[in-house]
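4 protein chains.
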Amino acid sequence: MAEIGVGMLGYAFMGKAHSHAFRELAYLAWPPPLLPRLVGIAGRNEQAVGEAAKRYRYDYATTDWRDLVADESIGLFDNGGPNSLHAEPTIAAAEAGKHVLCEKPLGRTADESYEVWRRVAATGVKHLCGFNYRFVPAVRLAHELVQEGRVGEIRHFRGRYLQDWGDDPTLDTWRFHPDEAGSGALGDLGTHVIDLARYLIGEIASVSGLVKTFVADRQVDDALETAVEFESGAVGTIEATRLAFGRRNAFQWEINGSEGSLYFDMERMNELQVFGGDDDRTRGFRTVLVTEAKHPFMEFWWPPGHIVGWGDTFMHEAHHLLKAIADDGDVAPHGATFEDGYRASEIAEAIVRSSTSGRREAISFRSL
Amino acid sequence: MAEIGVGMLGYAFMGKAHSHAFRELAYLAWPPPLLPRLVGIAGRNEQAVGEAAKRYRYDYATTDWRDLVADESIGLFDNGGPNSLHAEPTIAAAEAGKHVLCEKPLGRTADESYEVWRRVAATGVKHLCGFNYRFVPAVRLAHELVQEGRVGEIRHFRGRYLQDWGDDPTLDTWRFHPDEAGSGALGDLGTHVIDLARYLIGEIASVSGLVKTFVADRQVDDALETAVEFESGAVGTIEATRLAFGRRNAFQWEINGSEGSLYFDMERMNELQVFGGDDDRTRGFRTVLVTEAKHPFMEFWWPPGHIVGWGDTFMHEAHHLLKAIADDGDVAPHGATFEDGYRASEIAEAIVRSSTSGRREAISFRSL
Amino acid sequence: MAEIGVGMLGYAFMGKAHSHAFRELAYLAWPPPLLPRLVGIAGRNEQAVGEAAKRYRYDYATTDWRDLVADESIGLFDNGGPNSLHAEPTIAAAEAGKHVLCEKPLGRTADESYEVWRRVAATGVKHLCGFNYRFVPAVRLAHELVQEGRVGEIRHFRGRYLQDWGDDPTLDTWRFHPDEAGSGALGDLGTHVIDLARYLIGEIASVSGLVKTFVADRQVDDALETAVEFESGAVGTIEATRLAFGRRNAFQWEINGSEGSLYFDMERMNELQVFGGDDDRTRGFRTVLVTEAKHPFMEFWWPPGHIVGWGDTFMHEAHHLLKAIADDGDVAPHGATFEDGYRASEIAEAIVRSSTSGRREAISFRSL
Amino acid sequence: MAEIGVGMLGYAFMGKAHSHAFRELAYLAWPPPLLPRLVGIAGRNEQAVGEAAKRYRYDYATTDWRDLVADESIGLFDNGGPNSLHAEPTIAAAEAGKHVLCEKPLGRTADESYEVWRRVAATGVKHLCGFNYRFVPAVRLAHELVQEGRVGEIRHFRGRYLQDWGDDPTLDTWRFHPDEAGSGALGDLGTHVIDLARYLIGEIASVSGLVKTFVADRQVDDALETAVEFESGAVGTIEATRLAFGRRNAFQWEINGSEGSLYFDMERMNELQVFGGDDDRTRGFRTVLVTEAKHPFMEFWWPPGHIVGWGDTFMHEAHHLLKAIADDGDVAPHGATFEDGYRASEIAEAIVRSSTSGRREAISFRSL
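Line by line, the protein sequences are chains B, H, E and D. Using numbering that gives the first Met the number 0, you'd call the opening residue of the first sequence number 0 and step up by one each time. Using numbering that gives the first Met the number 0, you'd call the opening residue of the second sequence number 0 and step up by one each time. Using numbering that gives the first Met the number 0, you'd call the opening residue of the third sequence number 0 and step up by one each time. Using numbering that gives the first Met the number 0, you'd call the opening residue of the fourth sequence number 0 and step up by one each time.
Read the hints as simulated data drawn from the structure, not as lab findings. Glycine included, each C-beta is placed from N, C-alpha and C at the ideal position. Keep in mind that the hints are not guaranteed to be accurate.
[Claimed, not checked] Quick partial rundown of chain H residues pointing at chain D, CB under 10 Å, derived from the structure:
hint	residue
1	M0
2	L144
3	V145
4	E270
5	G276
6	H294
7	V351
8	E360
9	I362
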């Protein structure tokens, strides 16, 4: 069985989630497209990264990501570091011929994201931006239903990503430092909403946004509210906040079309609410438990009715990327490419611009 | 027991709902503040209004609302006619010394609404604008919880009123005629969201809106999407649509504050979702069935757990107005006055202006 | 329009609910099959029944129900008194030629219920036993779906009626006195479950029951648990309790058949959960808001999506009975006849017998 | 780090789930109590078990489980085979000094289960019966709340395990062969309900059951319905079925006590509904997302709000057993011992006896 060496940058939240994914896929998705071998893991804290290497069973740990770039046994570079460490290592790895998986947001600014995309695309390696919610079974099913016309012509998309951990002025992580994070709820949560909006509905044409910081002395945004128009003419909202008390990980979205509607809440990520196609007397939103064996992700798992967890989305994502590498296939449309990563940044930046200018901002994208 | 004669303009949807309310309150809310006597009902279609008079047991029917204004036995004029018939009869009735209840939106434009308010306020009669959702038990409870500080400092309000009956280009009612209705989903549904936003959160400072018509040849809006900022600094969204397939009467809103959160859906109008005040291990949104006997509306009804219906909100509203009349008390804050009706129109118009201009529009209100 | 005089026994919970129903139907269900005229109301407390007569606008009050029986202007005798007052007045009214509506349980024992049925049936008047939950729109829809074969061959019925007001040893109403009530949760709540089981599934063949009193010094049962088999071979459970803390009026039932399933909760009485008839990928329970205009009860009400309340079931029930009277039609199958009332008592008694004997008890019914 | 060699019997559903668990725990629960080394896997089909060994990365595969028993490098024998293969290999492994994990039901009959318990207990090894639902985070929280008195004196337990895959007469697996499975829904699903009833409420005193086979020519039961009494005096129901169309994996239970209530549904396994401790106005069931870091299982996982999947319960179970082995601690009370496995069988058999005899059956347990 063909193997691929994996080098990981970051050992904390995303480092753990991604390492788990590579371990998990190798015996659940059998046979795997490529068998991941966990080669090296890099991080700034020597003791912590050493411990992580033992825990996740990487061959070695290093405090210099350049060691991973230089390691010829590594075929896939996975960047789960803070946002300020996305661009340089990812570009370097790609230019060293490694396929790259980079967490979102791709860069701290649209310019930086564009640069990552431009430089990496030029190398010809496979690139995937870690919008892992595309790999929720219910999201994939929603995409299929939309593509098949089951919801008809789409009129509305309402997306909001609500968390509540941000309401403590003493909190201090890189996520609150503009130089490391680029932005707050916008880059962290808002880009997820933007990406699914694009994946499910299509391209965004304009935004009218409000970006807001509530917590005293905080340097990044806590929340954003946006009225949005799509190129297709559909209209809706994009919202994100770290201050929705009681909502722990509530990435909720609804689509209304001329033939049907869909509703999703990440806190019940195994369910998709589906409306349409019923007779008048028994019309209603169906609570679909998305665990049928024929689903492209659920084939890896258990019999119908046995649900998966949040961490498992990364396994689906890793499997998708490894398959594209093994088959020399496309990461798009189901995986977010670095172009998708760049476009999400461009739209996020337009929301900030709109908030400042008070004007609806039309979106225009750079091409290569 | 003191009586009050009621004259009703309109016999269709609102005429039926209001007549039902006056009938119902007189034996449920015992003793009533004033015993309503249903005197006369006016409508354009002679046969239909005659039938309605028999059905709801008014003493007489008329095709000329001026008959009601001239009738000295009528102490309360209730205007449930189309929007184009709100201003003139309501003003005339008030100037004839009758208390007035006028359905929302108060006028077709902010100017018209202002004029109704100005002229009626000058007469000194009691005036209530029919934002009946203030009289949903769960909404009143939400208001109380907010006022008591149970949700803390409010950061977000997300309100949307979703219906789905508008997706048929052959539909033709006065609601689709700009001259009769003034606007579409905006005046019909959007003003409800605006009014509850103001009742629950406080005054709105600015709006960034998109107003949209999807159905071919339709003369009024089908939907609106708005990012909104409140004077307090809270931010959120206001949305309304007649094209959310599968949502029949889904007036949903959520409030997030520093101490708690509230969620409501009109399709489950007897429930309020309440978050806050729990220990970490058992924190979660509580599904509160708002039927306790101590609630200001539920005292009229059944033992706890036995729910009320949509039509019953009008009984609560009518009771509130009759009590203000009987006691010479204030309609505000729990009832919407004509000033509230005017302000909702002003904000609705700013949403339209913003949609056209592409700019965030600050709201300013006229005073008397 | 033909009228019918109504005489009411009882002015408390059921007296209020039934009086409200007769008032309401006359102008919502237009034209009514017969126009109810509220003639007289009887109760033991002179002051209270006098107040009730004013409130519900009966022509007169009396402390002797025999006055109602003797009143020739009364065509319908409605018995909403305590259980110990069901038999004698109801029989007397029927034998005086009046149609009769009697609250459930029909009698305190199966013998008493049988006697009421036998004596009343012999008179030829219309008789309806007040199992009002047959008149919930969602229950009627469920009945239709079952009859049409939409759920296929039924395998399971699970019914439970959960309330939580009984956990106070100092509570004292007639409902806790065996001589007045006959039984506790069994007659009050359990018979509702038994009746809907019979209405929706068919006749019950045997029961294995446990009847339990938890509260010290209480003279009637607090709860019952029953494994049940239907004549069709379907199996399931029947449960009722006044001690399910947090469940206010949770009459919940589920039906599983070879083609579909149905689920209902009285606390969300406007919804029916319907499963069946979907493709594999989008199968799921549909939350059907039972408010479509074509529904036999909803035609009386508001546009789709606008829900009704618990009290409105009595209006549907009263309308059904008045129509049977006006047309000389059958109360069955949608209304519970006194035979249904008797059969519910017979089954309830078998549950008690089973609890005592420790044996599964086969049910056999007496006929006339 | 101390290691323990694992030998696995069975490679299908449970073999996959358990192998996944051992792989997963070693890098999520860091440091693990013991580091599992996957040594050998046994199964009847040579090709399939060989493939499984590669997939889950066992050192070797064998078609004779005696090879595992004889392998001195194996310290833990995990029996995920069909029920007919539970007793002999499990006893042999224990008598060879290996700790044992055996899937439920422990044996096909109470006698067989007793024998497994007796023989294994005599060896002094650690033994755990695979009632994995004790290792659902929400179930563990429920246990804690009950133990702390948060629900008060318990009056009711209603448990039902509903699946819907059994309605096809052509299905043929060992689960439908009495000699291999012992029973149908009873051993497969019913024992899970029995075990959680005992874990959460306490010992069961008597059962009144109905066991039913619906599908033609099926040799095992499809469903059971039971009224149950606990030694504490609490009463309730235990139900299981493979014919609840639309319920995929709906293991639902509710507890009502004098101070609170709890509700759980396995299809939303990350949620616990908790009632109690609120003021009257805002009382209601809280939807608790059981993902707080302080929870004994959730410490292994992601930040709050990020849910786990069904398969992850086995990781929690494996961790619990390894910790008991490493510390020479007790498997009870949070893990089910073989005594618990035996008792579940004894109760299951009493349900069958009751179904045949038509009598309530008191439970008595054998001791060692």
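Here is what the structure says about each hint:
Given hint, M0(H) at the interface with chain D, is violated; its Cβ is 32 Å from that chain's nearest Cβ, farther than 10 Å. Residue-level restraint check for L144(H) holds (minimum Cβ-Cβ distance to chain D is 7 Å; threshold 10 Å). The closest approach between the C-beta of V145(H) and any C-beta of chain D is roughly 13 Å, which is over the 10 Å cut-off, so the hint fails. About 8 Å separates the beta-carbon of E270(H) from the nearest beta-carbon of chain D, less than 10 Å, and the hint is met.
With a least beta-carbon distance of about 8 Å to chain D, the hint placing G276(H) at the interface is held under the 10 Å criterion. Hint on H294(H) holds. Least Cβ distance to chain D is approximately 8 Å, under the 10 Å limit. Evaluation of the V351(H) hint against chain D yields a violated restraint, the C-beta minimum of about 38 Å exceeding 10 Å. Evaluation of the E360(H) hint against chain D yields a violated restraint, the C-beta minimum of about 36 Å exceeding 10 Å.
Among the interface hints, the one on I362(H) is violated; its C-beta lies about 33 Å from the nearest C-beta in chain D, farther than the 10 Å criterion.
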